[in-house]
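Enquirer: Chain by chain, the residues:
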Amino acid sequence: MPIDRIAIVGGGLAGWMTASVLSRVLNDHQCRVEIIGTGDTDDSLGPFLPALTTMPTARQFHAEFGYSEDQILAKSNGCFSLGSAISGWTKSGAPCFHPFGDTGAALGHVSFHQLAARLRTEDVQVNLPDYSLAALCAQTSRFARPPKDCETVLSSLDYGLVLETAGYTAFFKQDALSRGVSEVSAEMQNAAIGDDGLIESVTTVTNEQIKADLFIDCTGVAARLISALPENLFENWTHWLPCDRISNQMTPSAEHPQPFAHIAAHHTGWNRFLTTTGYLHDGVVSKGSELYNAIEFTAGRRAVFWQSNCVALGGAAAVLEPLSPLPLQLLQNAIRRLITLLPNDRRAVIERREFNRLTSEELECARDFAILPYKINGRIGEVFWDACRDMEVPERLAHRIGLYQSTGRVALYDGDLFEEADWVALFDAQGILPRRYDPAANGIPLLDIRDHFVRIREIMIRELANIPFHHEYLKSVTG
Amino acid sequence: MGTKPIESICIVGGGTAGWMTAAAISKILGDADVAIHLVESDVIGTVGVGEATVPHIRLFNAKLGINEAEFMARTKATFKLGIEFRNWGRKGDSYIHPFGIFGAPSDGVDFHHLWTRMHAAGLAEPIEAYSLPVAAARANRFAHPNPNPRSLLSTYSYAFQFDAGLYAAFLRDLAESRGVVRHEGKVVDVTQNAETGFVTGISLDNGKQLSADLFIDCSGFRGLLIEDTLQTGYDDWSHWLPCDRAVAVPCATNGPLTPYTRATALDAGWVWRIPLQHRVGNGHVYCSDYVSDEDAAKAVVEQLESEPLVDPKFLRFKTGKRRKQWSKNVVSIGLSAGFLEPLESTSIHLIQLAIGRLLDFLPDQSWDPMFSHEFNRLMDLEYERVRDFLILHYNATERDDTPFWNYVRTMPIPDSLTEKMESYRERGVVAKYRDGMFLDASWIAVYAGQNVIPQNHDPRSAHLNDEDLARHLVQIKTMCDAAANSLPTHIDYINHIGANAN
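If you read the sequences in order, they're chains A and B.
Residue numbers for the first sequence follow this note's numbering, beginning at 1 and rising by one.
Residue numbers for the second sequence follow this note's numbering, beginning at 1001 and rising by one.
In short, the hints are calculated from the structure, not lab data.
In this text, a Cβ means the ideal position worked out from N, Cα and C, and glycines have one as well.
Where hints are given, some of them may not hold.
[To be verified] Now the in silico label distances, taken between C-beta atoms and shown as ranges: (1) Asp386(A) <-> Pro1412(B): 32 to 42 angstroms; (2) Arg5(A) <-> Ala1121(B): 40 to 50 angstroms; (3) Asn127(A) <-> Glu1007(B): 32 to 42 angstroms; (4) Leu1059(B) <-> Ala63(A): 43 to 53 angstroms.
[What the hints assert, rightly or not] Footprint (simulated), chain B over chain A, 3 or more residues, beta carbon under 8 angstroms: (5) 200 to 214; (6) 349 to 356.
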């Protein structure tokens, strides 16, 4: 029996983004999409935050389904993001930058960070972000979209976005409604489950009954629909991701928005500072301490994401480091996965298995990436951070850390969202130095390596002068 | 660097694996101070026959700075656009697994979903009709892909078919010019460190003794160091891939020079046909439980296009993988690391991967176990994924005409493959992984070519109407055919670029 009706429970960012994509992908006479809103606070990605950042991959998502990045930026008071400034994670507390895009360039067969490691053994100070155009642009508040051809150094740039959640959500809501998604503005009361274990319908507090073939749970941390199914357990990850409280302050600002986030560790967690057009956002996560207006949360995941005829997306599937771009990226990947695995019948045995396999694998990789900065922190002598350094991490992450320390190389797995360069940037920024570098770097004369570094820096600095200021560029695209 | 680098490497065994390893290591390590020795014996034959490759070989050659035309002339190589499989799904069937994709997506829906739907309605030709490299292969035409990504002629890749013995000789020249020292002789004794079990040295039948920090075992099936000395153990996969012998016999080319390899299924195995510039390599891979050596040789000779040039040569093997391809200070590369039959031309690729990873994790005197741990993890994954892809060819069949085919059709297969096949059968889902050399298009080629057709298509294609889709399909086929016919013939092209051996 074909899928004729899809009901999305939860009207936040996750719900409306899913509804919009489904309405674009499915023809309206073929399948009806309905959305059942819940409450006023949008915790569909995890605890609500008024602003969020995206990874560069969000751009592919936007492009793939035909969303205009300029319109998204305009609607959500957004700006561009070249990466994150990070501070307070090491013993010295020295700031560093984790850029998007390429850092340096390989020489022959040897990758840039391996060349840097060789120079360091010759007592040359190398700060990797000095060789990233994104980092240089961030320092000087410049930005331009990279060209599509790969002829110039500008194409080494990559970027994400900083967006206000409400505007981003409104963008998708408007799109979904204009494409025939119907909205039921009432909270879900309960679900009717048939003898076959499939959800037949959900009933709202206003006693409206909505039947569907496939249900999508976008109710966020409450996971109201999927948790109603038998034996759908929540796996707690707080032994790896210890922060359990979050708060956010939003302050009006007349300053130009900055094209990066600032991630600063404090004694029991970390802050994320962002700017959008008109506001400063100060988000903070922490373990157990008193925060103003704090919301409590528990990091973890559902044991199963697609159970019976119900698919959990966003915070209903997993709660992971709310201040990082990970929850949004995981949501977008899960939406894309759902689209390619859209079932032909309600039971969807095969689609479900593949969806759960891929989602689980990806989530574990994302989780390991999120745990890493805690595990390798350098804040010695602080109770919270000492405990993080001492904790036992998942086996694969332990292998990644061990391998990097041994060889400067990164073990990658099927579900990885990040490439070697991202892991290297994180390790390097937190002062983890491999015991050795790639022996092939010894096959290149030292002088050639030095020249290579000087040349890259020269080309980048020369190019920098041609790149417009971020706020001017932003204005030119958002009008 | 806090650790002392290794100072010497000894490669045991020449042949394709040994000389590929020697050439690559001496090139990549460049001026780094490492002595590289290779021991081989002219008395011991190499398994190298006509060898077909996959496109990754071009990266390997490029890293070594090899000029393509010169390499082709030296190894009497031809171009390869894919593999033709005959009699696999059913007797009389033929399909080509090309180095390229099928068709083009429409409205974001992958082509194979569209094709599945139209196929079910009886409105589509076999999927290979929508592939440019297949059209070119069937017409015996070839040219390099167009560098302009907008051109349809940019949408395929290619590999080579060459004489593996000549390739080894070519690489030997390169390696020796870079300082690799060759030692003639047979290994008669191996010494180990009493405490660690590390191999410390080898003695040759001419009395010569060699020591090294790192030993690379390229000794072939036998695994002289990795198995005879270190007894690493072997995972036997012959219950999934039961062929255990081969008989090879070259013959003269009779007909046009084909830009593809052929694998024809027989009663208890299959026959390869690898066209080289100067001859055709043929061989019968078979299962000795179901056919005698004599009958196997007869079967390959009977179907030759011309008289055999030499007497048939027999080989024995056991499909599987060394439990630890890197153990202590010995890394096995090539047949000593494992054997997977050459059905998808993976042998050289697996050698290439092992070399690349050995260079990534080149050990130092610390012998940090992380090096071998990661090397083994990555190589295990590659071997297992190639294994599953090979099993697919045997298991996805309707053939019930011989006991051999009845066995492989009904045998239990690895869970990893069962899931993949179920996902495809149900609704055309091709399982995705980061590692593993065969991408979606390869799986689709074999599924479609062996009549594994999804029961359901992607619901996103439901709103497209048959007439529009039919037009889309006809357009693709017309463009592929026209583009293929614009190419020169394979033999003309080889002559044109100066790759001819004569």
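Enquirer: It remains to establish, for every hint, whether it holds in the given structure.
Expert: Quick rundown of the hints versus the structure:
1. Asp386(A) <-> Pro1412(B): 32 to 42 angstroms: violated, 51 angstroms
2. Arg5(A) <-> Ala1121(B): 40 to 50 angstroms: violated, 26 angstroms
3. Asn127(A) <-> Glu1007(B): 32 to 42 angstroms: holds, 33 angstroms
4. Leu1059(B) <-> Ala63(A): 43 to 53 angstroms: Roughly 29 angstroms apart at Cβ, these two residues miss the hinted range, so it is violated.
5. 200 to 214: Check failed, 0 qualifying residues.
6. 349 to 356: Per the Cβ count (5), the hint holds.
Comparing the model with each numbered hint stated earlier shows that hints 1, 2, 4 and 5 do not hold.
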